[in-house]
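S.K.: Chain order of the listed sequences is A and B.
Numbering follows the working numbering, with no gaps: position 79 of the first sequence is 79.
Numbering follows the working numbering, with no gaps: position 147 of the second sequence is 147.
Hints in this document: simulated from the structure, not taken from any laboratory.
On a predicted model such as this, the values are computed, not experimentally measured, just so you know.
All C-beta atoms, glycine included, are put in the ideal place defined by N, C-alpha and C.
Don't take each hint at face value.
[To be verified] Derived list of chain A stretches under chain B, where covered just means 3 residues or more per stretch with a C-beta under 8 Å from a C-beta of chain B:
#1 175-188
#2 229-237
#3 255-263
#4 343-356
[As the list claims (entries may be wrong)] Straight-line distance between alpha carbons at most 25 Å, and here's what the computed DSS-like set of lysine-lysine pairs gives:
#5 B/291 / A/45
#6 A/45 / A/291
#7 A/45 / B/153
There are 2 protein chains.
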Amino acid sequence: MISSGAGRFTLRATEGAARRGTLSLAHGDVETPAFMPVGTAATIKGLTPDDLRAFGTQIVLANTYHLWLRPGRETIEALGGLHAFMCWDRNILTDSGGFQVFSLESRRELSEHGVRFRSHLDGSEHEFTPENVVAFQEDVGVDVAMTLDVCVKLPAPAGEIDQAVRLTSAWAQRCAAARRRPETALFGVVQGGLDERSRERSARELVALELPGYAIGGLSVGETREELHRISRFTAALLPAHKPRYLMGVGTVSDLLAGIDGGIDLFDCVYPTRCGRNGRALGRTEDLNIKNAAFARDARPLDETCACYVCATYTRAYVSHLFRADEMLGPRLLSYHNLALFSQLMAEARDAIAAGHWAAFRNQHLHPMSP
Amino acid sequence: MISSGAGRFTLRATEGAARRGTLSLAHGDVETPAFMPVGTAATIKGLTPDDLRAFGTQIVLANTYHLWLRPGRETIEALGGLHAFMCWDRNILTDSGGFQVFSLESRRELSEHGVRFRSHLDGSEHEFTPENVVAFQEDVGVDVAMTLDVCVKLPAPAGEIDQAVRLTSAWAQRCAAARRRPETALFGVVQGGLDERSRERSARELVALELPGYAIGGLSVGETREELHRISRFTAALLPAHKPRYLMGVGTVSDLLAGIDGGIDLFDCVYPTRCGRNGRALGRTEDLNIKNAAFARDARPLDETCACYVCATYTRAYVSHLFRADEMLGPRLLSYHNLALFSQLMAEARDAIAAGHWAAFRNQHLHPMSP
Chain A
1 MISSGAGRFT LRATEGAARR GTLSLAHGDV ETPAFMPVGT AATIKGLTPD DLRAFGTQIV
61 LANTYHLWLR PGRETIEALG GLHAFMCWDR NILTDSGGFQ VFSLESRREL SEHGVRFRSH
121 LDGSEHEFTP ENVVAFQEDV GVDVAMTLDV CVKLPAPAGE IDQAVRLTSA WAQRCAAARR
181 RPETALFGVV QGGLDERSRE RSARELVALE LPGYAIGGLS VGETREELHR ISRFTAALLP
241 AHKPRYLMGV GTVSDLLAGI DGGIDLFDCV YPTRCGRNGR ALGRTEDLNI KNAAFARDAR
301 PLDETCACYV CATYTRAYVS HLFRADEMLG PRLLSYHNLA LFSQLMAEAR DAIAAGHWAA
361 FRNQHLHPMS P
Chain B
1 MISSGAGRFT LRATEGAARR GTLSLAHGDV ETPAFMPVGT AATIKGLTPD DLRAFGTQIV
61 LANTYHLWLR PGRETIEALG GLHAFMCWDR NILTDSGGFQ VFSLESRREL SEHGVRFRSH
121 LDGSEHEFTP ENVVAFQEDV GVDVAMTLDV CVKLPAPAGE IDQAVRLTSA WAQRCAAARR
181 RPETALFGVV QGGLDERSRE RSARELVALE LPGYAIGGLS VGETREELHR ISRFTAALLP
241 AHKPRYLMGV GTVSDLLAGI DGGIDLFDCV YPTRCGRNGR ALGRTEDLNI KNAAFARDAR
301 PLDETCACYV CATYTRAYVS HLFRADEMLG PRLLSYHNLA LFSQLMAEAR DAIAAGHWAA
361 FRNQHLHPMS P
């Protein structure tokens, strides 16, 4: 086992549990709290790296499961690694593939050794082990790799949660031992469902491995919003203050604000881009179904408080027309706006924490945004 | 009838029939020969106005038929006209809607007065007349409007061609008389199928109207490539040298080069954007089906001679991956490249004509490109 040089986290300010920090990675600093746009197949759907840089993106997420199957490690390596392949010169975090494998319940077979599964593309058989998912992530050159974990769909019986916690810890230890590349920071994933004692045990066992960062997994998988917020806050408090905390698969604007309030530093979710493809314009005070006839002659920008290129350029009327005419520019523009709005909200949250105004910022935004 | 102030055409150089000119319109000069990207529904599919400006686009085409039905004149007017609606500050040419109406054969009814048709969207009944299509185009504020013409699918009996020529001339006269807006230049459309005497008659009758420009219509509708090139060259020679000539619905790289060689100044076609959506990367010496497995690890740009953003940034391997993974960034990048390549070829053609090297340029490009 080697210790990683990358992943230093500097805590700059706190207010309550909320934190303002800087995560230093191989492709530059990530100012936190930060939202990571999701690029499942090595592309944030519809957007270019230039688009992402234009609204200040410092890190994106890609999916090991999908990249493993297509285009595959050899292709990515042949093109110079994942950054060169997708033309992205800032940071990349990949998940371990565990979440996707456990989403495909009927297609996988779990053992102590790892998890066998069939490709959703062609039915071919594959196996993920703690060792080979670390090797894959290091081989394609990511800045943050995730340990292979066992993710359980909620609600779940206690025995299943126990097994998930036990295997996740054992696999995290094997992942840590498998590391070879100092530029890749390996983050562990805390499991434990909605059971606080299981979360405690999982966090304790992972923290003992002294990994450079920790994620909270196994949420956004069927629980209520109240449970999500309670468990993420509870789990964040179990993690070391001087290491980054990443809440996986979250979320909406109100979920992000609740997460930051509970001590989370990093988030990822398909929500803003999926909404963008489906015609939902995210806003600071309300979301818009842009296809609604009410917007057909609305000359205002998507969100009047948003400083993004789309809001500076286009009207609701035009974006509404694009969606009603099924024009591909519509999803492009709306995905851009939604991610840019998240990026602005995270920047404002960072400023608010640094200035000691977090509570006021949160209260101002949380109530109108709550679903 | 008022005479239009816009549409002045300055012939800068010629070589054989090929012409290098400048068309001065209300939203700036168009250097010719030029290719006009097609934005049927007030959007060039997948691309922004910034993208179009980045590769030097000076004029785009939009479709009266489609805009008439959706979003409709009132919406476009309420948003400040078509330029403001689609956020495009350079020139716009709209066709008259005739081509689309005559493509929907079963849904239309032709008379001296105009053409009644049913909407392909909702079956609602509409009528185009020479007067109302000019009013529509002027009301939405386009820079070049087209006269309402009768377009015949080839091959066609002589009687049908005769009727098309007669009605097209009569309607062009009524269109000219209906003009109210000096900033909109009205172009006539020469019909006549593949019959040279019909083309002569049509051109003579339209030229007598002293319109600021002339299009060659009724081609790219079922004839052979040889017939297309022969008739467009023949018809171009019937048109006044000091007015712009626009070959409608053309074409491929080799068609554009043949057109320029025959004296054409303006072109439009969905070909580069449609190819872009379908995974066909246009090239100077060969086109690529980018989904082909041969490109999966090909680190070269789409076209090694192309200076566009896409070719400067991405590999064939990555674009190939995007198409195989059905990712929407693929069509966006390929549409951009295909239009940017056309834009570069037109700029090079202009330079070649101005420098007296047109014949060499044409011969260098025509042979490898020919289908």
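S.K.: Look at each hint and say if it fits the structure.
M.R.: Going down the list of hints, with the structure as the test:
Residue count for the region 175-188 of chain A with a Cβ under 8 Å from a Cβ of chain B: 0. That is fewer than the three needed, and the coverage hint is violated. For a cut-off of 8 Å, the count of residues in the region 229-237 of chain A with a CB near a CB of chain B stands at 0, and the three-residue condition is violated. For the region 255-263 of chain A, the proposed coverage by chain B is not satisfied: 0 residues have a C-beta within less than 8 Å of a C-beta in that chain, short of the threshold of three. Closer than 8 Å: that is the beta-carbon criterion, and the region 343-356 of chain A has 0 residues meeting it against chain B, so the requirement of 3 is violated.
In summary, the hint linking residue 291 of chain B to residue 45 of chain A is supported, as the alpha carbons are separated by about 18 Å, within the 25 Å threshold. Note on residue 45 of chain A and residue 291 of chain A: the hinted pairing holds, with a Cα-Cα distance of about 20 Å set against a maximum of 25 Å. Pair hint residue 45 of chain A plus residue 153 of chain B does not hold up; C-alpha atoms about 40 Å apart against a cutoff of 25 Å.
Consistency with the previously given hints fails for numbers 1, 2, 3, 4, 7, ordered from lowest to highest.
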